[in-house]
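Using the hints provided, position chain R relative to the given structure of chain Y.
Residues per chain are reported as follows:
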Amino acid sequence: RKEVEQDPGPFNVPEGATVAFNCTYSNSASQSFFWYRQDCRKEPKLLMSVYSSGNEDGRFTAQLNRASQYISLLIRDSKLSDSATYLCVVTSGGGADGLTFGKGTHLIIQP
Amino acid sequence: NAGVTQTPKFRVLKTGQSMTLLCAQDMNHEYMYWYRQDPGMGLRLIHYSVGEGTTAKGEVPDGYNVSRLKKQNFLLGLESAAPSQTSVYFCASCLLAGGPRSTGELFFGEGSRLTVL
Chain Y
1 RKEVEQDPGP FNVPEGATVA FNCTYSNSAS QSFFWYRQDC RKEPKLLMSV YSSGNEDGRF
61 TAQLNRASQY ISLLIRDSKL SDSATYLCVV TSGGGADGLT FGKGTHLIIQ P
Chain R
1001 NAGVTQTPKF RVLKTGQSMT LLCAQDMNHE YMYWYRQDPG MGLRLIHYSV GEGTTAKGEV
1061 PDGYNVSRLK KQNFLLGLES AAPSQTSVYF CASCLLAGGP RSTGELFFGE GSRLTVL
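Here the protein sequences line up with chains Y and R, keeping their order. To convert, note that position 93 of the first sequence is 93 in the numbering used here; the numbers rise steadily by one, no gaps. Plus 1000 on top of the position in the second sequence (first one is 1) and you've got the numbering used here.
Just chain Y, with the same shape it has in the complex:
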């Protein structure tokens, strides 16, 4: 089983709809979880952290399910500008050896 798995999509969603996608991870000792956003031909940028209690930032909600070992990202009232690839990041322990990224879920918001 791969360390981090995401459905590559694309998810085609009409503007204004709610969309959600998950990221599953294999290491039960994983401690920190994040979502990154990457626009076409651009660099990845941190979107939000995922806390055990879940967290919300405007239209975006991130949740963690430790029992089933997945994190989720929900986008409400989707905008055209939300079209991007969303990368999940799962880490375990401390250390400087970078972050391991999922391969990303491609989201297309259609007018």
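The hints are simulated quantities; they were obtained by calculation from the structure and are not laboratory data. Honestly, I wouldn't trust all of these hints.
Stated by the list, open to error - In silico lysine to aspartate or glutamate, EDC-like type, Cα no more than 20 Å apart, as pairs:
hint: 1; chain 1: Y; residue 1: Lys45; chain 2: R; residue 2: Asp1038
hint: 2; chain 1: R; residue 1: Lys1057; chain 2: R; residue 2: Glu1079
hint: 3; chain 1: Y; residue 1: Lys45; chain 2: R; residue 2: Glu1079
hint: 4; chain 1: R; residue 1: Lys1071; chain 2: R; residue 2: Asp1038
Unchecked claim - Here are the simulated distance ranges between beta carbons:
hint: 5; chain 1: Y; residue 1: Lys45; chain 2: R; residue 2: Ser1018; range: 27 to 33 Å
hint: 6; chain 1: R; residue 1: Thr1020; chain 2: Y; residue 2: Arg66; range: 41 to 47 Å
hint: 7; chain 1: R; residue 1: Arg1113; chain 2: Y; residue 2: Asp7; range: 24 to 30 Å
hint: 8; chain 1: Y; residue 1: Ser81; chain 2: R; residue 2: Thr1115; range: 28 to 34 Å
hint: 9; chain 1: Y; residue 1: Leu80; chain 2: R; residue 2: Thr1115; range: 29 to 35 Å
To be verified - Chain R stretches covered by chain Y per the calculated footprint, using a threshold of three residues with CB under 8 Å from any CB of chain Y:
hint: 10; segment: 1032-1044
hint: 11; segment: 1107-1116
Here a beta-carbon is modelled for each residue, glycine too, at the ideal position from N, C-alpha and C.
For chain R alone, kept in the frame of chain Y given last:
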């Protein structure tokens, strides 16, 4: 504030040629990283550095060398380029001395697109 700057942004090489990618950051970050991104493979860590004069191997280090002679610069070298090294290369740096796993935040450069013929 320029952040993380990569040069060159585009380069075409012939098999066997050598080249160096330069990453410069002006944020006084300790940790720096080189990733490559390929379709269907996602981002993979090549090498990283936890400070001036130190480097370490990542997930896919073969065929690459790195140097961190100055804190603000992290160089990625290809001694003999191969078509398999055709990719988009991203440099990144980390704000906290404790590493990126605490905040999850890596600051990326805009990427360097390398084609090896």
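Consistency of the hints with the structure:
no., hint, verdict
1, Y:Lys45 to R:Asp1038, "17 Å, holds"
2, R:Lys1057 to R:Glu1079, "16 Å, holds"
3, Y:Lys45 to R:Glu1079, "30 Å, violated"
4, R:Lys1071 to R:Asp1038, "28 Å, violated"
5, Y:Lys45 to R:Ser1018: 27 to 33 Å, "31 Å, holds"
6, R:Thr1020 to Y:Arg66: 41 to 47 Å, "44 Å, holds"
7, R:Arg1113 to Y:Asp7: 24 to 30 Å, "26 Å, holds"
8, Y:Ser81 to R:Thr1115: 28 to 34 Å, "30 Å, holds"
9, Y:Leu80 to R:Thr1115: 29 to 35 Å, "31 Å, holds"
10, 1032-1044, "holds (count 6)"
11, 1107-1116, "holds (count 4)"
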